[in-house]
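> Listed below are the residues making up each chain.
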Amino acid sequence: MAELQHELPEMDGPPEDEHVLFGAEQQAIHSRLYEDAPVPYIVGTADGIIRKVNKQAAERLGYAQEELVGAPVVSIYAETPDGRPRAKQVLEKLRRGDDLVHDEAQMQTRDGSVFWARITIRSITNEAGGVVAHWGVFIDIEEQKALEKELRKARGESEAEVERRTSELSRINRALREEINKRREVQQEQNKQLAAMEASVVGMSIHESDGTFRYANPAHATIYGYDSPDELIGESWEILYDDRQVEDVKSEALVDLKQGRRWTGELRGLRKDGSYFDVLLSLTPLPDGGLACICQDVTRRKQQERELQRYADRLQTLHEIDRAILSAESPHAIADAALERVYEQLPCDRASVVVFDHESQQGEVLAYAVGGDSKIKRGARFPMSEFRITEMLESGQPEVVHDMQNVPPTSVLSKLQKEGIRSYISLPMMLDDELIGLVNLGSKETDSFTEAYQDLMREITDQVTIAIRQARLLEQVQKQTEELEQRVAERTAELESFTYSVSHDLRTPLRAIDGFSRLLDKDYGHLLDEEGQRLLSIVRTSASRMGQLIDDLLALSRLGRQEMRKAPIDMTELAHQVTEELLRVHDRDSVSVTIRDLPPAEGDRAMARTILTNLVSNSLKFTRDEAEPRIEIGAIEKEGAWIYFVKDNGAGFDMAYAHKLFGVFQRLHDDDEFEGTGVGLAIVERAVRRHCGDVWAEAEVDEGATIYFTLNDVPGVPNT
Amino acid sequence: MSKQSLPESADILLVEDQPSDAELAARALQQEGLDMRLAVMRCGSELLDYIFSRGEHASRQPVDLPLLILLDLKLPRVSGDEVLEQLKADERTKHIPVVMLTSSREAQDVERCYQLGVNSFVVKPVDSTRFAETVQRLARYWITINEPPRTRSL
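If you're matching them up, the sequences are chains G and P in order. Using my numbering, you'd call the opening residue of the first sequence number 9 and step up by one each time. Using my numbering, you'd call the opening residue of the second sequence number 887 and step up by one each time.
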């Protein structure tokens, strides 16, 4: 509780100034008004000291009027931030010259209770304009404030509520809008669907649980031959099928539907006009016990399918015949294979393939197939006149006889007729515009061979023709090859035998020439002069040379005929054996022979020995005139195969003649230089060839020669 | 050589249809100085007649069987291998050493002769000197080195 502090001495009566302002009367009235005014009223000095307080004000503030006079104005304000500080601000404003200030501030009663008041203070000025006093009025607005507060609070709550409601509303609104949109879309979709259903070429219908039409689109009606869906509405689906199909649907489709399953299948639909067609149905159960049906006329598709199937069958037939023909080799086998397939796949009672030999004017039955026994057997030959060869056939067109009674009989046709054949088709096999044969099909029915049948048979016949032609060519080639081979074999044998017998038979007289000329020389040589002895020596040398030649030829001949005895051969060891033997025989110790490690071979040891013997002999011979004769036997590996070689530093030869090197009697040196029969390398070549190997040479005149050979291609021995 | 000149008994029988070879062989054997009796025949049937004392040789009084028969393979009428077959098939003659002396080197001939029981198979060298040497070596081996069977009569 604030004790008012009087800053001024108590004053009696109104201030002097009032006298100045008002006359006394006026002042009295004024005072009266002032005193009795139902509004709290305070007059203060310019310095902020209370000079006057009316009853109302004193009462409100809990003071006696006189208690307040002289107290600072601020003392009636509460000691709160909205109290005295605000009062001072107001005073400050007034002091600065404002003549009227409105404000709200907290005031305080004598007992210290604080209340809000709206204050209005006006400056009172004298004539000179100086502030002489402040007039203040305050109105207790505590209640108002409380109300305001209450109101504010109430307003806050209500706003929150409003906000909540608003958002709720907008949410609902949004949801509604979405729903509306959705419904609109659904509506549109339904409209579209309906339009689509109405316009669809696919039949659509909805049925009640009893099967009657609730809805059908125009296509549905059209498919089943009705003019309008209206004709179907209220009718049962059963009118669209015959009794058998209805039973099928009931026993199959409806069972599925009752179990909640969809059913799709093909039925035979019954049109309004009584005709049938293929219809593809898809039935879906509806929750209300009804069903939705989608249907489509698949007659054309079925037709296409059937056509495709026929086409596929035909291809299959052709393919099988092709395959059979391909695997067959002889014309007989081809014709058999073709007929077997035809017989299996195309209805007929009899089928045959006949080929003509125009030279002998005969036809041969290459193959035949019959249901029952036939009088006409395979391989049977008939004069061509027995076959009914028409101009049609000769021009490459098939001849169809729908009823054999309509054509003049031949003996062949009569036989067929006796077998019960009533109609037949003959298809020409044409080769370079020439009729080389016929494919005949017979049936015990008349009019059996349709256009389609003919088309297919024509294709088959063409294939058979080509195949038979190929086979004939093949047979010819094979026959020729065999003949050639036979002739070659005969010739070779003749030649070998000739070579052998000539060589053999030559030996005896030769031995006689040699033996008796030697006896002549020995027993009668002293009777001959020098020239006589020279001539005799020529006879003897020639005989000896001829003996060598014959031996070589026999060896060559033997090599060609001798059976090969295949075994592993240690080539290194063999090379050593051969070399040692030859060096001993030829007495050529001065030759430096190097034998490398040679890979083993697989082959005929005797032949391998012959090869090495001949090659090393040659090397010995051709290095005879060398100061330092060298021979090397080795092997090199090339592309996984071993190549043996015999190399020397001897006379060599001109590579221009290398191609003649391995020919019989081919010699690249004069006899004066190096004697020889010209058979040695031919023997080598033959021995190498018998091992399926290869032999070749590299040389240079006076620089030596190298002969290479391979043995590793012996048949039956895998290449290393 | 005529049949008349054939001895009653011979150490070596040579069957050779080629007179030149026969003479070269005979000369070679003479040269060797083995002091042996040689009978040369021209064909297989003659040899068989001689051995078994039949036909033209029915009157022959054989003392001993030969110590060696040199037989050519290619003979007129009865060939060498047929002669061989008969000799080896007969108990009385199968122990007589038979050497084929022939120009043939044919494997099948060689095989066949061994099948039939030939004692040796020799190819005639073309060279006459070597031929002579060969004949001489054969004679020396079979007559002087080889121990002949005890039974030398039929």
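Derived by calculation from the structure, the hints in this document are not laboratory data. Incorrect hints may have been included.
What the hints assert, rightly or not - Per the computed footprint, the stretches of chain P lying under chain G, defined by three or more beta-carbons under 8 Å from a beta-carbon of chain G, are:
| no. | segment |
| --- | --- |
| 1 | 901–912 |
| 2 | 1012–1019 |
Stated by the list, open to error - So the derived list for chain P, only partly shown, Cβ under 10 Å to chain G, looks like this:
| no. | residue |
| --- | --- |
| 3 | E942 |
| 4 | S945 |
| 5 | K960 |
| 6 | S989 |
| 7 | R991 |
| 8 | A993 |
All values derive from a computational prediction rather than experimental measurement. Glycine included, C-beta positions come from ideal geometry on N, C-alpha and C.
> Which numbered hints turn out to be false for this structure?
Failing hints, ascending: 3 and 4.
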